[in-house]
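S.K.: Let the hints inform the model, and build the full structure from the sequences given.
Chains as they are written, first to last, in the working numbering: chain A, 1 to 244; chain B, 1 to 295; chain C, 1 to 299.
Among these hints, one or two may not hold up.
As the list claims (entries may be wrong) - Residues from chain A shown here face chain B by an in silico Cβ test under 8 Å; the list is partial:
id: 1; residue: His18
id: 2; residue: Arg60
id: 3; residue: Gly75
id: 4; residue: Asp91
id: 5; residue: Ser95
Claimed, not checked - So the derived label-pair ranges between C-beta atoms look like this:
id: 6; chain 1: C; residue 1: Gln215; chain 2: B; residue 2: Pro118; range: 54 to 64 Å
id: 7; chain 1: A; residue 1: Glu37; chain 2: B; residue 2: Asp234; range: 36 to 46 Å
id: 8; chain 1: C; residue 1: Gly161; chain 2: B; residue 2: Glu25; range: 42 to 52 Å
id: 9; chain 1: C; residue 1: Arg131; chain 2: B; residue 2: Gln240; range: 48 to 58 Å
id: 10; chain 1: A; residue 1: Thr78; chain 2: B; residue 2: Val293; range: 51 to 61 Å
id: 11; chain 1: A; residue 1: Val25; chain 2: B; residue 2: Ser181; range: 51 to 61 Å
Derived from the structure by calculation, the hints contain no laboratory data.
Think of the CB as a built atom: it goes at the ideal place given N, C-alpha and C, for glycine as much as any other residue.
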Amino acid sequence: MKKTLLEVRDLSKHFTLHILHDKHVVGFDDVSFDVPEGAFIGIAGASGSGKSSLLKCLYRTYLVDGGSLNFTTAGGATVDLVTISDDDVLDLRDSELGYVSQFLRPTPRVPAIDLAARPLTRRGVPAAEAREQVEEYFRRLKLPEDLWDGYPILFSGGEQQRVNLARALASLPRLMLLDEPTSALDASLQREVVSLLAEARDRGTTMVGVMHDTALLHQLADEVLTMQHGRIIDRARPALATTA
Amino acid sequence: MTITQTDPVNAGQTFRDTAPVLRVENLTRIFGPGCPDCVARTGPEAETNTCPTCGSVVACADVSFELRPGRTIGIVGESGSGKTTALRCLYGDLAPTSGRAYLSVYRDGERDIFEADPQDRRRIRNFHLGMVYQNPSQGLNLLISSGGNVAERLLAAEWRKVAAIRDRAAGLLGRMEIPVSRMDEIPANFSGGMQQRVQVAKALANGPVVVLLDEMTSGLDVSVQAGVLDLMQDIQRQEQVAMVVVSHDLGVVRLLCERTLVMKNGRVVEAGVTDQILEDPHHPYTQLLVSSVNM
Amino acid sequence: MTATVTNPVSTDQQAEALPGYNYAFLDEISKKAIRRSLLKAVALPGYQVPFGSRELPIARGWGTGGLQITLALIGAGDTVKVIDQGEDDSVNAVNIRRLVERTAPDVTTTTETGTATIIQTRHRVPEQPLREDQILVLQVPLPEPLRLVERREAETRRMHGEADYSRMWVALYEDIVQNGRLTRAAGYPALVNGRHVMTPSPIPRWDLPQLHMSQHLSLFGAGREKRIYAVPPLTSVVPLSFEDYPFTIEQFGDRACARCGSTTSFLVAIPNEDGSVEYSCSDSDWCYSRIDAQEHGTA
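M.R.: Here it is in structure tokens:
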């Protein structure tokens, strides 16, 4: 049996919007699931079901209101992503966590290739080597070569998404969080992304991915959790389902 | 096509050096006579910095944070929120009313730098800290050459070879895109953006463990700001220097800072990873701040 | 009105002193106050100790700081030498010496460096190295070395307190950048005992090494500015300089003193009427002793 990389237990997230007369919004409640090492856990559900919020909670972009997130580090230590310090979260992001957001929020005036290479250079990979690795992903993702040194802030949504994917894939984190990574890509590119993600998995990257495209999700995921109104309402194992 | 990538995941350790270079505990600065009510009767709930009992101004109170090597923390808040006062206490321009601060490089981080005698305090500032002020005239002597301004920091840190000082000054000014041909010119002749870049060169000169930046781009035109911020990001990538960035501008903090403290009426009302502060602000003031800007 | 003076010295001496004046001119309370400042100055080498500068029968700026130190120190058995730019015979030196003679009759005066116990000087240190039983008193017009870079007194005090001398160093650095060398000729700043920067009064650079790890005590008095400071024996006095621009003393090449032929002393240029220039020793005692020795040697 595979070890569990991340144990999500009783996680809940609510928002209080003070500027809207303390309006209370439920993100999600009582979410529990295991992410085994090397697995792809898919999260499906309609807009507003809480799936993006869940993903952001795993990355500390959102703070949770309850529950725990026990993560086993490369060194074998178990840390609760809910309670570790901000500094430790930043270290984990640099070393083991990756996040592919739906929308790239590019740093102004940084060329696409440098932006994508940054997680690698932060880890001490020499700049030239990091760029080389990124270039391979750019090629696979068919990002036109004349854009490599361009500023992503001027790119289309689909081009930005490819920069974003190359950035996460090149850094090959132990746990990669994907939020609608293919929403702006056409079918042929989506297929390329699927095979790139599969290759990443083969090399040991564990993934949690949010996608509204359930067909794609079932193609990739070992388990698909479906969310509705902030709760998990269904758990399916597509691989088992197809063989059954 | 295959990807010939080596697996970098397990190359480094998960957590870097976790010992902070700077640790600040309950930093408080009160202007005025002070009284036992000062802290209790001021702050975000009271919506004032002025103590109703004695009229003293509680510029900042109970500011605490840690900073690890090479990390950047931002302090945001409106003017009068106490962020600049806190920074100036750390640099030694102001004496705090109470509180402690520890630097890893000063007596192994075991002695409060606020308790250091004036000579040690000066050494700490000369050898281990750098500061960039909002107003260049505070951080630079505008009437000595820009090279001389950078040299002053090196001389303070006991560099005693003119050729080496000139090389280092020229290198730093060059990196800040000040032409070497202008290093013997006085900064009074320079534009605001150039003056700020000279300040950065000066602040970095002695290889500090922490650089303190106070509203460094606030006085600049937007296009000039962009250039200075780009250079700061380059510095962050290339130097292992930790930074404290004080700004009222969330855009600056988003670009430069991994963590952010939000201050209001002299208190830290919220602290977190910068993207959390921007995307999931909790304190009403932070929510107001974030919703007020178009990012 | 007759002033009542408490005087510890014998009535004998007082009888011989200038009528109506205390021994060594200053009243005893003032002398004690000055000696207390001197002790503090010796305890904190290079630190400028404030003192209540007294009125003297010479104008401030004419050596009153040095004179007050001399008058506070002298007693029976002392031998005082007074020089001005190396000369024993300048009007100022003669007047000061005469004041000492007339108000302290048991003190002798001399022009010989070797026999003096106290040497008061303006702008020179004698060429002949001093012994541990000798005291050098220097007259200081401007005691604050940081005044050139900072005009506010409170700020210069802070700078000394924090050993914050970077602006002094910048001034030297800028000097090199602009002139290609260190141009400061007299009063060259030096770090005393690794702690305080002082100005050694306007002595030429030539004299500065004489103060470093010397056998004698050097005392500095600034009467107008009301400051006293000291370099005790065997104390380091290091001129501020750079590894690649080291401190150097004046060079006289192959020039020699026109009177005594000395090539190892500080020379001053004396223009002749025909426009040519002659050089001679600045330290007149040094020069005369050499001439004496040469005459006796040949006799």
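S.K.: Using the Cβ atoms, figure out if A:Thr78 sits within 51 to 61 Å of B:Val293.
M.R.: About 39 Å separates the Cβ atoms of A:Thr78 and B:Val293, which means 51 to 61 Å is violated.
S.K.: Given the range 54 to 64 Å, decide if the beta-carbon distance of C:Gln215 to B:Pro118 lies inside it.
M.R.: 34 Å Cβ-Cβ, so the 54 to 64 Å window is violated.
S.K.: Kindly confirm whether 48 to 58 Å is satisfied by the beta carbon distance between C:Arg131 and B:Gln240.
M.R.: holds (56 Å)
S.K.: Should the hint that A:Gly75 touches chain B count as held when the rule is a Cβ pair under 8 Å?
M.R.: Hint on A:Gly75: holds, closest Cβ of chain B at ~6 Å, below 8 Å.
S.K.: Does the closest beta carbon of chain B sit nearer than 8 Å to the beta carbon of A:His18?
M.R.: Because about 4 Å separates A:His18 from the closest Cβ in chain B, which is inside the 8 Å limit, the hint holds.
S.K.: Can we keep the A:Arg60 interface hint, with Cβ of chain B closer than 8 Å?
M.R.: holds (5 Å)
S.K.: Falls inside 51 to 61 Å, the C-beta gap from A:Val25 to B:Ser181?
M.R.: holds (59 Å)
S.K.: Hey, does the A:Ser95 contact hint survive, CB to chain B under 8 Å?
M.R.: Because about 5 Å separates A:Ser95 from the closest Cβ in chain B, which is inside the 8 Å limit, the hint holds.
S.K.: Given the hint of 36 to 46 Å, check if A:Glu37 and B:Asp234 actually sit that far apart at their C-beta atoms.
M.R.: Because 37 Å falls inside the window, the suggested range holds.
S.K.: With 8 Å as the cut and Cβ atoms as the points, is A:Asp91 at the interface with chain B?
M.R.: With a closest approach of 5 Å, the A:Asp91 hint holds.
S.K.: Holds or violated: 42 to 52 Å for the Cβ distance of C:Gly161 and B:Glu25?
M.R.: 27 Å Cβ-Cβ, so the 42 to 52 Å window is violated.
Of the hints listed earlier, those the structure fails to meet are numbers 6, 8 and 10, in rising order.
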